[in-house]
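Given next are the chains, with one letter for each unit.
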Amino acid sequence: MDRFQSHDYYLMDELLTEEQILIREALRAYLKKEVSPIIEDYYERAAFPYQIIEGLAQYGCFGPYIPEEYGGPGLDQITYGILMQELERVDSGVRSTASVQSSLVMYPIWKYGTEEQRRKYLPKLATGEMMGCFGLTEPDFGSNPGGMLSRFEDQGDHYVLNGSKMWISNAPFADVAVVWAKDEADRIHGLIVEKGMEGFSAPEMKGKHSLRASATGELLFSNVKVPKENLLPGRSGLGAPLSCLDSARYGIAWGAIGAAMDCYDSALRYSKERIQFDKPIASFQLIQKKLAEMITEITKAQLLTFRLGQLRNEGRATSAQISMAKRNNVEMALNICREARQIHGAMGVSNEYSCMRHMANLESVVTYEGTHDIHLLITGMDITGIPAFQ
Amino acid sequence: MKILVAISKVPDSTSKISFKDNNTQFDEAGIQFIVNPYDEWYALVRALELKENLGGAVTTITVGEANADPVIRKALAIGADDAVRIDAEPVDALFTANQIASFARDKGYDLIMFGKETINYNGSQVGAMAAGLLDLPYVSNASSLEVSGSSARLERDIQGGSQVIDVDLPAVISASKGMAEQRIPNMKGIMSARKKKLEVVAPIEAPRHTEVLSYSLPEAKSEVKLIDPDNPTELIELLHKEAKVI
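Chains as they are written, first to last, in this note's numbering: chain A, 1 to 390; chain B, 391 to 636.
Excised from the complex, chain A in its bound form:
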């Protein structure tokens, strides 16, 4: 019955609904029982724990805001954030799998897909019967996705897609890929590419020092015939994939708080138990400074992110506001992982404690879905009106 209690210095739980707390507690209990005990092993072996897909679906982690008519639970944005926070408290790789499925696959199909596409894909994606991935980044186009080389041509009754995508979470096991490519008029569109289409392959990328419990791959398209009904007609241009990234980045902002909470929690406990110079190391001012700064930063991030959730619920959150939260929270979490690792001393490098795994994971998170520096430039552009990307 020893349950994790959220670090809630400013009584944020009072702002949550009864149902949001119940959803959080349920997912927390599931993760503690089924995922926490195995995650270090999967991380070490660089393997994705496929057996948790069904559980993640059952606890609402795939498309939590997708309406009930398409198989989702129709929850609000703050609940989506809470779910991502709980997942990342266990592992960023697990959160990434759910983020991609929700924000980068289900979201564009829901927002920009046809009614037939919604009914065909969303219910199966919500139950995890079908898994998805999102193809935007290319080998030579990361922070500058508008320069992408992937293209498709209209061949009358179908499209032909050519190109390649890189660093794609979920790619090795995905049944569907939402792929962004340019048409003959250089306009970016989304296409739903299904596993098994001739000329489509998704080889796994090995050798990651980060997100090792999440599967990452390439997407390779060589004259892939894509049926015309697989085009997402609702929106085109770079804004379409970027709006999906807004949703995912919002989830990351919450997720990072989860990783930070886990490290802080572990550091706080360890510092009260670890005796040096005849007393717990928590007695020393330098340790207290670290711990006090950690909870301060976590609390600031919680307030920032909760307000962002309210704005998302009202449809008023701007991309720049989301960038600020993603950038702030991931950096906050990374700093806390590093400080927590130090508080654990030598034990901090062992896999008996999670801080170094979180730290390594966050090195990806600080880079993907808009690098730390690009998000700073988005804020810079927002406040000055001058883009500084080129």
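It is worth saying that the hints were derived from the structure and are not from the lab.
Worth double-checking, as some hints may not be accurate.
[Unchecked claim] Simulated crosslink set (DSS-like; lysine-lysine; CA at most 30 Å straight-line): (1) 406/B x 290/A; (2) 578/B x 33/A; (3) 124/A x 578/B; (4) 587/B x 392/B; (5) 611/B x 289/A; (6) 289/A x 279/A; (7) 567/B x 32/A; (8) 272/A x 406/B; (9) 578/B x 120/A; (10) 111/A x 578/B; (11) 279/A x 406/B.
[Unchecked claim] For each label pair, taking beta carbons as the anchor points, the in silico distance ranges come out as: (12) 315/A x 497/B: 43 to 51 Å; (13) 602/B x 74/A: 38 to 46 Å; (14) 293/A x 548/B: 53 to 61 Å; (15) 129/A x 611/B: 51 to 59 Å; (16) 9/A x 410/B: 17 to 25 Å; (17) 51/A x 405/B: 32 to 40 Å; (18) 410/B x 296/A: 23 to 31 Å; (19) 372/A x 410/B: 46 to 54 Å; (20) 51/A x 634/B: 57 to 65 Å; (21) 601/B x 9/A: 36 to 44 Å; (22) 207/A x 614/B: 43 to 51 Å; (23) 405/B x 140/A: 52 to 60 Å; (24) 51/A x 588/B: 29 to 37 Å; (25) 296/A x 602/B: 35 to 43 Å.
[Stated by the list, open to error] Derived contacts from chain B toward chain A, CB cut-off under 7 Å, selection only: (26) 574; (27) 577; (28) 580.
Glycine is no exception: its CB is placed at the ideal position from the N, C-alpha and C atoms.
Once you've looked at the hints, dock chain B against the given chain A.
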């Protein structure tokens, strides 16, 4: 099978406990409440299993004020069909048992199930009192429960062994560890709980025979001194001079 399960609201076991009003009231500020684990993990889940196997319905009953609704909603999310809340503070065991007995009387429940105790006050009284008030048989601390026809077979852990008891239904029982496995409410359950009925019923007049005079926390544990096993002289000296036991 028509089953009534009593559900209590208790502080999470990791809560920091404090008192107010000159140590006469438990201070609920900042406390996270949960469903009493014996009610949830064992009584409720076993009731649901019986319903799944034999058909019927599971209703939960709680004596509590509106702040008990979140834990009742969780019981509905786990799978209870509907819930009743008797709108009164459960301050006295006989008062609480009277509320439950009054509601259950004439409703035709085959089983009325309680956790063996609540983890806050550990009274273990309400189930037995309710059985007495309803003039029904009562089996406490059951670690397994099987129903066959109009009787139930229960197993109780006793000192050094176990005891098997058959009881005619309807009956009142209290559940201990082992009767079922915890179920975590999934999203489907949480969503369906939104639409389930939570009926609020006014309490009946009932006597209160007890009054809590004061609470106190256990004394803080004293520090542990570790002594090197190669230094028995120090141990003897400490036992003699500090502990004064030899």
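How the hints compare with the structure:
For the suggested pair residue 406/B and residue 290/A, the alpha carbons sit about 24 Å apart, so the restraint of at most 30 Å is met. For the given pair, residue 578/B sits about 19 Å from residue 33/A by alpha-carbon distance, which is consistent with the 30 Å threshold. The straight-line distance between the Cα atoms of residue 124/A and residue 578/B is roughly 15 Å, inside the 30 Å bound, and the hint therefore holds. The suggested pairing of residue 587/B with residue 392/B holds, with an alpha-carbon distance near 16 Å, which does not exceed 30 Å.
The suggested pairing of residue 611/B with residue 289/A holds, with an alpha-carbon distance near 28 Å, which does not exceed 30 Å. Among the hinted pairs, residue 289/A with residue 279/A is consistent with the structure: their alpha-carbon atoms are about 17 Å apart, no more than 30 Å. At most 30 Å may separate the alpha-carbon atoms for a hinted pair to count; residue 567/B and residue 32/A meet this at roughly 20 Å. Taking the CA atoms of residue 272/A and residue 406/B, the gap is near 17 Å; set against the 30 Å cutoff, the hint holds.
For the hint linking residue 578/B to residue 120/A, the alpha-carbon distance of about 20 Å falls within 30 Å, and the restraint holds. Distance hint between residue 111/A and residue 578/B is fulfilled; the C-alpha atoms sit about 23 Å from each other, no more than 30 Å. This hinted pair checks out: residue 279/A and residue 406/B have alpha carbons roughly 23 Å apart, not beyond 30 Å. Checking the proposed 43 to 51 Å range against residue 315/A and residue 497/B shows it holds: the Cβ atoms sit about 48 Å from each other.
A beta carbon spacing of about 45 Å between residue 602/B and residue 74/A agrees with the range 38 to 46 Å that was offered as a hint. Separated by about 55 Å at the C-beta atoms, residue 293/A and residue 548/B satisfy the suggested range of 53 to 61 Å. Checked against the given bound of 51 to 59 Å, the beta carbons of residue 129/A and residue 611/B, roughly 52 Å apart, stay inside it. Against the hinted window of 17 to 25 Å, the Cβ-Cβ separation of residue 9/A and residue 410/B comes to about 22 Å, which satisfies the hint.
In this structure the supplied range 32 to 40 Å holds for residue 51/A paired with residue 405/B, their Cβ-Cβ distance being about 34 Å. A hinted range of 23 to 31 Å for the beta carbons of residue 410/B and residue 296/A is consistent with their spacing of about 29 Å. The hinted window of 46 to 54 Å between residue 372/A and residue 410/B holds, with their beta carbons roughly 47 Å apart. Checked against the given bound of 57 to 65 Å, the beta carbons of residue 51/A and residue 634/B, roughly 59 Å apart, stay inside it.
Under the hint 36 to 44 Å, the C-beta atoms of residue 601/B and residue 9/A, about 37 Å apart, fit the expected range. Evaluation of the 43 to 51 Å hint for residue 207/A and residue 614/B yields a pass: the beta carbon distance comes to about 48 Å. At roughly 55 Å, the beta-carbon separation of residue 405/B and residue 140/A lies within the given 52 to 60 Å, and the hint holds. The hinted window of 29 to 37 Å between residue 51/A and residue 588/B holds, with their beta carbons roughly 35 Å apart.
Between residue 296/A and residue 602/B the C-beta distance comes to about 40 Å, which sits within the given range of 35 to 43 Å. This hint holds: residue 574/B has a C-beta 5 Å from the nearest C-beta of chain A, less than the 7 Å allowed. Look at residue 577/B: its Cβ gets to within about 4 Å of chain A, closer than 7 Å, so that hint holds up. For residue 580/B, the interface hint holds, since its Cβ comes within 7 Å of a Cβ in chain A; the closest pair sits about 6 Å apart.
When held up to the earlier numbered hints, the structure conflicts with none and fits them all.
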